[in-house]
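From the two separate chains plus the hints, produce the assembled complex.
Below, each chain spelled out in residue letters.
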Amino acid sequence: MTSHGVPRASTAPRTAQAIEEDRVKIDAYNALVGEVQGLKASKTYTKASLLSTSSLLEQNPEFNTIWNFRRRIVLHLLTSPEEVAQSEGTEEEKEEKEKEENKLSLLSSELTFLLPLLQKFPKCYWIWNYRLFILQTASEKLSLVTALKLWKAEMGLVNKMLSRDSRNFHGWGYRRYLVQSIEKLQEQQRSEEKEEKSSGKDDDEEESLVEQEFAYTTAMYGKDLSNFSAWHNRSKLIPRMLTERGATLEERITFLDGELGEMQTAVYTDPYDQSIQLYNHWLLLESCSPNSSPSDTSEVFPLATDQKSETLLRTLDWMRELLEEEPECRLLLEEMIFVGGLLRAVGGGDVDDEGVRADMQAWLEKLMEVDPMRGGRWREMKDKL
Amino acid sequence: MSTSSSSVAFTNKPEELFVEKHVRYIQSLDTRKDEFEYWLTEHLRLNGVYWGLTALHLLNNPTALPRDETIKFVQSCQHPSGGFGAHPDHDAHLLYTLSAIQILAMVDALDSVDTAATVTYVAGLQKPSGVFAGDEWGEEDTRFVYTALQTLKILGRLEAVDVQKAVGFVLACQNYDGGFGVVPGAESHSGQIFTCLGVLSLTNSLDRLSPASKDQLAGWLAQRQLPNGGLNGRPEKLEDVCYSWWVLSSLAMLGKLHWIDQNKLVGWILSCQDEVRGGFADRKGNAVDVFHTVFALCGLSLVGWGGLAEVDPVYCMPVETTKRLFGPK
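So the sequence lines, in the order shown, correspond to chains A and B.
Residue numbers for the first sequence follow my numbering, beginning at 1 and rising by one.
Residue numbers for the second sequence follow my numbering, beginning at 1 and rising by one.
Derived by calculation from the structure, the hints in this document are not laboratory data.
Accuracy of the hints is not assured; some may be wrong.
Claimed, not checked - Residues on chain A that point at chain B, a partial pick, calculated with CB under 7 Å: (1) Thr2; (2) Val6; (3) Arg8; (4) Ile19; (5) Asn60; (6) Glu62; (7) Asn64; (8) Phe228; (9) Gln274; (10) Ser275; (11) Leu278.
All figures in this text were calculated on a predicted structure; none of them were measured in a lab.
From the three backbone atoms N, C-alpha and C, an ideal C-beta is built for every residue, glycine too.
Bound conformation, chain B alone (with noise of 0.2 Å):
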């Protein structure tokens, strides 16, 4: 799994990294009622909560948010199906069922909400060929494997489902650049690469691809680092914060994050704060959002920069979270 960073000599120091900033930035999150974007983000506010959530974890502030209202939120947006809304009266998704489970995963809250029927929701979206539909309406994607069974993981009932066709479907998404498609026959993208092999690691399934073709694969992560140290999630396209940890994680579970320049990665991510407000944006001098602040943390984290709380790679959580769901690795 992710090999050890502590041979890397980073020239950054861990002052440049703006963590007081960051804290009050996502604490500010849910007190902006008067802005417009505030309304016309509501489709991702369980998400918001749980990328908030895990930036604060990894900045060793995992209290900053009032955990009776982080679960009394999360209940709300339950549906009677089991499932999970962004916000009560949205309709329920896999992309938000996740969230759900893991912002109760962090809190040590599991048992607030109903799980049994959470499970059975998941379960019902699988299809024939082993891929899941991300809502009753029918989309599939292999992020929706990844959502659904790491759910399932996080509540112990992978058995739920057909785990050897969802790996078999995943599989079937390969292409021969290594790297993996939304469906089989879709071009390879970071985002997806990071889903599909996600699935492979909680599913012990790693083993499943050739030596031969992780090698591909690592090689075409290690690709997306640009001459000024940031990450893009295809050739021949701009870096993003975001890919710091599609393109990190995926190469940490492939156990190659050495195969990248670590300490240029560090430099170009901490480029990307706000110095003055806190939060990351998607490159340097953009507006900031939480979506790219908690990435560039889990970025700086996979790497052993900063003294930031260590994060795991297959579920985007604590590790301090992961090993207590799961035991030590």
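Here chain A stands alone, though its shape is the one from the complex (with noise of 0.2 Å):
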């Protein structure tokens, strides 16, 4: 019902033999589901209902009704006398340990169900929610130190799915979680094993995973340059990460210019990409925007005003001279457009606001020109410069 990217069948009507090949899939797979809803509804909780809903849900991974029925019937196998060995006799702590692989081997092999369906139907919102569950159960319910382990692995997984689909929105979101979760479970370890040495013996683990999250990005594009999700995500890291290396005004200036550079280079590969330019555009507004100031520390790049007039120039004449060889392109006529607005309204001793005023209108002609389709936006610009 909501198809994408499937070829029209023909017109002709469908042949009889046709009409009964799909009678008798839909009558196999009608008796399934009945057979998973009657489970359902008599909240048959077994290992058996849960083999039963694989079936359908190999069929239909888009059926969330039976993904929540399996929630349940998860739940139920962790607590119910069935899953957990009965070890009547032996020490209690021997017990434990059962209990807690007994747990472990069922989250796992949900886990291990749930690969081959992700790789086939890699946008389906239900299985990436319900791997989500079945990893937030593990931390609820297994050690500290087993959970953090499934998570972990994920890592392999995520990167595996973003390997095939560089852009898989799922598959970045996932990332994103998994690595506040691992943050947040590192964190509770180390916690607990301070209390328990109770020294305060400061060990040096790292706990953040900011650096090695921006070295996967910088990787990332390193494959390609036109990946907005992985822009997107460096622009998010940032902050953060210049912020955990204690970074200073003038290690922080220089990273800067280290990520302009390779912005000229980037889009002197290709400055038709939006996804380039958009990053492009979060460094300059994160550093020139007119209202920022050095002594505010909550700045990611904090310039002075002659700095910021200074980035944009410099921005601006390799952006001149680019143009000179793609007199064309609307994405850098835009950026410039930007860039010079940003430049007028910093100011600074060595700006000609009448000639940036000047250059900025030929531009937006320019771009009328090459741009009609977004022409209404254009004049627009131009009536209020």
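Next up, the structure:
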């Protein structure tokens, strides 16, 4: 009912054979639905029920009600005697260990069950959600160490999913959620360890994954510059990373210059790519907005007015050069108008305001010519100039 | 709000829209029980009724589905909790609850279900951060803030939840590019932008966005138009008919429909029709479905083309319905 990319079937009426084939499929499918709905209605939370839901979900992973039933089965099995080994007469400790192993085995087999489904249906919300539910359940029901292992192993899965489709929206969201959860569990683990030792000994084990995640975005755009998802994530990681590094003003500016330099190379490589343009936009907004000031410690790149206008002038210089090679590039023209606007707002001694305004006017006129689709926007901008 | 499109000179003629075929296509949807696909999509049945009914209203054929049967079906999907499932025997979720309430609003039959229970159900899903979970299992997403608040707004019970917190959550999802994501920190996506602007519009909070960020967002949305006239959902992705709604309604809420080439968009949407059997596909030549059919028609309606009934960009229902519910704008 929400098909994407499915070719249109021929307009010829379906043959009797095709209808019959569908009928056989429908009958088998409906029989299975009837069976599973019956188990759900009678609250039959057993391993056998779990297997029935597997067959149905493999055919139709969009059937969210069945995922919910499966959740109830799993929660029940985690606490039921059927699952927990009977170990009368053994020591308490051994019993606990067996319980933990049984729980782990159930939750691990759930994760394994989902793997082929995720690969086949990488955009199905319900599968991703169910996978998170299993991990969250692991955090609640297993020891911290065991749960943390499961969460960490997920990074391998998400790497694989994103290497198959580097823009998968679900994959990136899942990745951010994993990182948050792992960091939280690691922090919890560390505070528990501290309590146990009660010696106040401070080990230097790294809790934050921000450097690792930043490196991942570098690797992803290294493979394909046109990855808006990677650039977006990079923009979200940088503020935190610089804070955690304890970066000084000077180090921040060096970092900014490095990123801006990368952008110059990237835009030269593909001036028609929006994802690069948007990231460049972010860098300039964070560093060269007129209202920011170096005394504000919440600033990511705290520049003084002269540094801002110098950065913007430098950016405009290379953009002008590129424009000579690519005079019709609408993205470049749009970016130059954005930089010009920032420059006029920032001001500063070396800025020829009237000259920049005249340039912007010329760029807007060119834009109206090369980008008539968005003409309404460019006309409005020109009127405001 | 949405700016008048009378100034746009359209090159496509109204007769290029196959109204009769689309009506018949939608009417045929519940007679396809000999197709496997029909059974595989049971989890969308209630949404499907909402999509089909909205499409029929826009095609000026609001009574083409039997009203009594429609109401009975919606009633059969309500749970004692007050929420709705996609079909009897399916679990309740906000995604279906909004569709149920929208259907009843369109056929003017809100009193045929226990709406007090629905309000309790929806209110129970708000989290301390202001976001809503989709159902009892707790997935959080800006889509659910929209579905929750629109449901309550239709029922006249917005005060049953913490609206300011919900708005605060939505604002925390805005990115530097002006767009909005699923949760704070997530990348901008046109579908999510529609739901977030929808929340801000229906709570009269659009002015919480600065003029600069509105312009930035409208610029990002205008970039979604590709040379063939179609719209995509994120940078460097393919065009798809459903974005004729998510992107276009967002531009309308920002008053910037004229920032894209509406004429070219109309031509592109029309190219996605199945000229023989009716309905619209995601792209030219692909299989049609009722989801893409309604959003194609919504797009055409929003730019004022083809003599379609007017659609409300905030609620995705006919303006006739929202006027009856909320009075004229």
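Item to check | Ascending list of hint numbers which this structure does not respect | outcome: Result: no hint breaks.
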